[in-house]
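*Asks:* Take a look at the letters that make up each chain.
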Amino acid sequence: MSNETLWLIVLGCAAATFIWRLLGVVVVKKINPDGALFEWVTCVSYAMVAGLIFRMIIMPESRLAEVSLLVRCAAVAIAFAAYFGFRRMLLAGVLAGSVSLSVMVSWFG
Amino acid sequence: MTQLSGTGRIFQKAIVDSLSLPAFILLTTMMGFGSLARSAGFSPEMSALATALIWGLPGQLAMVELTTTGQALFAIIFACSLANARFFPMVVSFIPSMTRDKTSFFKLIVFAQLLSINSWAMCMRQFPDIAAEFRKLYFVVFATSIMSAAIIGTLIGYYISAILPDALLLGLIFLSPLFFALVLSAVARAGERASLILGCAVVPLAHLYFPGVDLLITGLTGGSLGYLLGRTSAVQRLL
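Order-wise, the sequence lines are chains A and B.
Each residue of the first sequence is one higher than the one before, counting from 1 in the working numbering.
Each residue of the second sequence is one higher than the one before, counting from 110 in the working numbering.
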């Protein structure tokens with residue numbers, strides 16, 4: 001692709017993402033933060049983010065797809081075990097999960 | 110419970126909190142993006158700018174992957190936008206948790222642009238411990254710090270892409286979703302917990318039947334159900 005097209009892609013994607021943020025700013029000024037509507041929108045955002053993370057781990061379209069589902073699930077389980085085992089220490093959980101994934105990948109291919 | 114306040118202490122907390130893990134997560138994650146962007150044909154300036162301006166990994170990945178497969182300009186932009194649609198509800202839920210003061214439109218736009226899953230999840234977790242008038246400062250410092258790390262990571266990844274062994278690279282890519290999963294497991298309220306669980310339950314079906322808009326469908330159905338369930342006393346006791 002030409003340089004101009006690639007620039008158009010980057011700027012177009014930036015603008016198209018910005019629209020959602022702008023929409024959020026416009027809407028947030030209009031709704032009551034103590035009301036039911038706000039609580040519902042918060043729930044929608046949690047569900048979207050949870051769905052996104054679940055998709056990234058369980059049904060990845062990234063290179064993680066090369067790793068078997070069993071290995072990915074085992075690594076997540078190890079991460080949560082370490083996280084709660086070390087009194088909710090994020091670093092412990094993330095390191096344990098990520099290192100165990102790397103080790104399992106190099107062992108089982 | 111006393112809340113943390115004072116410009117110096119909040120600034121320090123934001124820097125320490127960001128450097129303690131999130132900045133590292135973004136550095137490594139964006140290394141992955143940088144190397145993918147290079148193989149898709151983007152220049153280093155374009156890649157760094159994409160990180161700063163799009164500032165949402167799923168959309169950035171959609172952009173590079175569809176560019177690699179040679180899709181039409183409009184299709185790429187559309188896919189990137191859909192992958193980042195979560196920013197709409199995220200901004201709406203985030204701003205009032207941070208500030209209830211009258212804030213200028215321009216400032217709100219800046220806050221919205223700085224927001225990412227990382228800062229959103231970490232701030233929602235930290236805000237209860239921070240005095241209300243200092244939350245904006247905490248967020249801006251935290252978000253700027255991790256965005257800087259992300260831009261540096263993008264450039265590192267761009268230039269050193271093919272050096273890392275595969276097993277290590279996969280472990281690095283895995284850091285990001287894992288981190289979000291752990292951070293979100295600490296969400297307190299019943300409706301929000303129900304929404305998290307339902308989001309995970311709905312997304313496989315939505316992905317199968319409505320690829321492309323799967324996250325929108327997931328958010329609307331999972332979030333609405335979670336909201337309703339959160340109002341029932343049985344679920345409040347259970348979660």
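Among the clues, some could well be false.
[Claimed, not checked] Some residues of chain A that are not near chain B, with every Cβ distance over 10 Å (derived):
id: 1; residue: 51
id: 2; residue: 87
id: 3; residue: 90
[Stated by the list, open to error] Covered stretches of chain B, as calculated for chain A (at least 3 residues, CB under 8 Å):
id: 4; region: 236-242
id: 5; region: 245-257
id: 6; region: 261-267
id: 7; region: 325-336
[To be verified] Keeping only pairs whose Cα atoms sit at most 25 Å apart, straight-line, the calculated SDA-like set for lysine to any residue is:
id: 8; chain 1: A; residue 1: 30; chain 2: B; residue 2: 170
id: 9; chain 1: B; residue 1: 211; chain 2: A; residue 2: 22
id: 10; chain 1: B; residue 1: 211; chain 2: A; residue 2: 61
id: 11; chain 1: B; residue 1: 211; chain 2: A; residue 2: 106
id: 12; chain 1: A; residue 1: 29; chain 2: B; residue 2: 180
id: 13; chain 1: B; residue 1: 211; chain 2: A; residue 2: 36
id: 14; chain 1: A; residue 1: 30; chain 2: B; residue 2: 214
Read the hints as simulated data drawn from the structure, not as lab findings.
Positions of the beta carbon are idealized from the N, C-alpha and C atoms, including for glycine.
*Asks:* With reference to the structure, classify each hint as holding or not holding.
*Replies:* Here is what the structure says about each hint:
no., hint, in the structure
1, 51, "4 Å, violated"
2, 87, "12 Å, holds"
3, 90, "5 Å, violated"
4, 236-242, "violated (count 0)"
5, 245-257, "violated (count 0)"
6, 261-267, "violated (count 0)"
7, 325-336, "holds (count 10)"
8, A:30 - B:170, "33 Å, violated"
9, B:211 - A:22, "17 Å, holds"
10, B:211 - A:61, "42 Å, violated"
11, B:211 - A:106, "54 Å, violated"
12, A:29 - B:180, "37 Å, violated"
13, B:211 - A:36, "21 Å, holds"
14, A:30 - B:214, "13 Å, holds"
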